[in-house]
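Engineer: Sequence:
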Amino acid sequence: MARSLRNPADLVVRSRLREPVVFPHLTERLALKLSSIVHYTARAHFGAWHRKLGAPDWKDPRGVFTPLVYIELTATDVPIDPGKPLRVHGETFLTKTLDDAGAIRHLVREGRHVVLAADGAIVAKARLLNAFTRYDPDPARRRVTSLPPALGLGDAPSRVGELPDLATLVPLDRGPDFVETSPRAWHYGQTDANRHVNGMEYLREMEDYVASVFHAGGHDLARLYFARARIVYRKPCFRGEGYRRLAWFRGEAPLVIAGAFVKADDPPHARPAVAVELTVAQHDGAPRR
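Letter by letter, the sequence shown follows residues 1 to 289 of the working numbering.
Because the hints were derived from the structure by calculation, they are not lab data.
The reader is advised that the hints may include incorrect statements.
Claimed, not checked - DEER-style ranges, computed between Cβ atoms:
{"hint": "1", "residue 1": "Arg143", "residue 2": "Pro171", "range": "23 to 33 Å"}
{"hint": "2", "residue 1": "Leu116", "residue 2": "Thr168", "range": "25 to 35 Å"}
{"hint": "3", "residue 1": "Thr76", "residue 2": "Asp136", "range": "39 to 49 Å"}
{"hint": "4", "residue 1": "Ala222", "residue 2": "Trp58", "range": "42 to 52 Å"}
{"hint": "5", "residue 1": "Arg143", "residue 2": "Arg239", "range": "20 to 30 Å"}
No experiment lies behind these values; they were computed from the predicted model shown.
C-beta: ideal position from N, C-alpha, C; glycine also.
Kindly generate the complete structure, drawing on both the sequences and the hints.
Structural biologist: Okay, structure coming up:
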C-alpha cells in the first residue's frame, strides 16, 4: 500500500544564526532590552522563510501579504558580553485557525525563536504570528483562506492554531484604570519602510506610559523591569495621527498591565488600533556599576 503524501504546507523552516550585539540594545545591566529582541530574530523569522519560498511582490497592491498581527516577547534580564555574537535558534511554519463550523478562518505563519548568549544562557524568546491577507477595504475580500499557488504548498496546512485578538489582551468589557487625557501624535522618526508606525514603537510608547503610571503611584522603578510583552496589531497608525493610551490592571502575581492605543480621531468606543500587554518583574540583584 502506497504511503500517503505528506502535506507540503506542513514544512518547518529552521535557522541557526549568529547576530552581532548592537550596543544601544543593551540595558545598564548589559541585558537585552525587550523592544530590541525582534532585531535579533528578524533574519530567522523573515529571511529564512523568504529565501526558501520567496518574498511577496511589494509592488502589487492586489497581492497576498503576511503582516505581523501578534508578537510575544520575553527578556530574561541575563547580562551578556557585548563583544560576542548572540546565537539565534528559530523555526517557522504554517497554521490555520477555524471558525465554529470548522472552516478555515485565517492562515497564519508562526515563528518561535530563542536568543542565546555565547555561553548558552537564554537571553530572550520571541513568538511571531503573520496572517495572510489582502489590502482591501472589504473584510470579506481581505481574508485569505487558501495559500497562494505561487508558494507551491497546496491549499492549507494541517496544523490548527489560535490567533490572539484584542479581547485576548484587553478587558474591553470594562473601563480602563488609566486614561491619557491629552492626545499625542506619531512622528516621522517612528515610521519604517512599510510606510506606517514601526511595530516596536507601540511597545516603547506603552512602556513609557506604564512607567509613568507606576512612578505616579509610588512604585520604585529602580527595581522593576518589563520582562514580557504580548502585542496585537489590529490596524496600522501613521505619522501625524493623534492617539491616546489606555491601561488596565490584569494581574498582581506577576504584575500585568494591559494597554491600548486609540486613535484620537476615532469615534467614542471605537476598538483600539493596537493592544500591548506588559508583564513586570523585579531585578534579582544590584544594578551594574
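Engineer: Check the structure against each numbered hint from earlier and tell me which ones fail, lowest number first.
Structural biologist: none
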